[in-house]
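Undergrad: Listed here are the chains, written in short residue letters.
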Amino acid sequence: MVHQSTIELKTNHHGQMHDLTERVAAVVREASVVTGTVNISNVGSTGSIGCIEFEPGLMEDLPNILDKLIPPSRSYGHEQAWHDGNGHSHLQSTWLGQSLTLPITAGRPNLGTWQQVFHLECDVKPRTRTIVVTVMGE
Amino acid sequence: MVHQSTIELKTNHHGQMHDLTERVAAVVREASVVTGTVNISNVGSTGSIGCIEFEPGLMEDLPNILDKLIPPSRSYGHEQAWHDGNGHSHLQSTWLGQSLTLPITAGRPNLGTWQQVFHLECDVKPRTRTIVVTVMGE
Amino acid sequence: MVHQSTIELKTNHHGQMHDLTERVAAVVREASVVTGTVNISNVGSTGSIGCIEFEPGLMEDLPNILDKLIPPSRSYGHEQAWHDGNGHSHLQSTWLGQSLTLPITAGRPNLGTWQQVFHLECDVKPRTRTIVVTVMGE
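Note that the protein sequences, when read in sequence, are chains A, B and C.
Here the first sequence is numbered in my numbering, starting from 7 and rising by one per residue.
Here the second sequence is numbered in my numbering, starting from 7 and rising by one per residue.
Here the third sequence is numbered in my numbering, starting from 7 and rising by one per residue.
Please note that a few of the clues may not be correct.
[Claimed, not checked] Capping the alpha-carbon separation at 27 Å, the derived lysine-lysine pairs in DSS-like fashion look like this:
#, chain 1, residue 1, chain 2, residue 2
1, B, K74, B, K16
2, C, K74, C, K131
3, C, K74, B, K74
4, A, K16, A, K74
5, C, K74, A, K74
6, A, K74, B, K16
7, C, K131, C, K16
8, C, K16, C, K74
9, A, K131, A, K16
[What the hints assert, rightly or not] Only some residues are given here: those of chain C computed to face chain A with a beta carbon under 10 Å:
#, residue
10, T43
11, E66
12, L75
13, P77
14, P78
15, F124
Quick caveat, the hints were computed from the structure, so don't treat them as lab data.
Where a beta carbon is used, it is the ideal one built from N, C-alpha and C, also for glycine.
Just need the whole structure built from these sequences, with the hints factored in.
TA: What follows is the structure, given as structure tokens:
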């Protein structure tokens, strides 16, 4: 069985994180899949999907470490294409990942207590994001 | 067809790696799936799943490069939540990934000769880990 | 429904990127799957699969940032195993990821306009690569 739905998200700034866990769980419930997998994918190449303990400290730490290791700069080759100062956004998003697949057990995404699904805005301006959630199983 | 099983793992220290390849292959065999996919996911946000050539050199190199780029430190914002010195564990695990999906071909995970499935303990103390293995296909 | 096929690729050098988007879309069309997922996996542990805006700037930026943060060196433990100078290739490929799963919507991989599927050669010599594409859905 396959069920697909989308989550719409408005983001405000570079480094902003959203907790998607309950919205993903709601799509799994709609699908009535008890055992299987759920794929969560950001449409576009400057946003990321992943898992983290969603608490205020890590909501600063994750964007900070990304900006430290892959810093904002006008010297990326990408700057030649668009001149919009978001070369680091692309590299951060690609390296962290734009897509995630999780197991479904007993009708819910199988996550630890302190493990949530997040969206991270890597771009440098507010965006409207579409996240595709695909449930497969039985 | 969907088949789901778990692998239990006891880990001893930060940076310890386990080769899960044969245990994942055994779950695929149990499922009698010839063609499809297998998802391998760590429950919890301070352990990682990935693929690597599982040999003693890389078993040191991978935790070393993670500790170099995302170093242990008491200065992470996460420290404010729990004061347990594992902010870097969360960031390493999130960036490397907690979940992996591989193709199944001819009844086995389709991997290269020097490509194995690993679990990496990113936390700073021994943990008992549950890894969920979900096989789908026909 | 499950459909699996392979893409063969000849690579020439470390850091070379190929755009796989159209070849992946062709496998999805062959499968006649309208809604579902497609998994794209590199066989072998020194090549990566991911998503990026495939344009000349980022084709330099991505290998550059990987070489900056995980630099070529003879000092990796992996060098003891094979003495072939590709320790960084393994670490780059493992950290960036060797496998990707994307949603299928309306018979096509659901990607943004500036979001393409790439293969990155992380090894230090030309390789012949096999990429396994697995389509599931209905």
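Undergrad: Give a verdict on every hint.
TA: Hints versus structure:
no.: 1; hint: B/K74 x B/K16; verdict: holds, 25 Å
no.: 2; hint: C/K74 x C/K131; verdict: holds, 19 Å
no.: 3; hint: C/K74 x B/K74; verdict: holds, 13 Å
no.: 4; hint: A/K16 x A/K74; verdict: holds, 25 Å
no.: 5; hint: C/K74 x A/K74; verdict: holds, 13 Å
no.: 6; hint: A/K74 x B/K16; verdict: violated, 33 Å
no.: 7; hint: C/K131 x C/K16; verdict: holds, 11 Å
no.: 8; hint: C/K16 x C/K74; verdict: holds, 25 Å
no.: 9; hint: A/K131 x A/K16; verdict: holds, 11 Å
no.: 10; hint: T43; verdict: holds, 5 Å
no.: 11; hint: E66; verdict: holds, 4 Å
no.: 12; hint: L75; verdict: holds, 6 Å
no.: 13; hint: P77; verdict: violated, 13 Å
no.: 14; hint: P78; verdict: violated, 18 Å
no.: 15; hint: F124; verdict: holds, 8 Å
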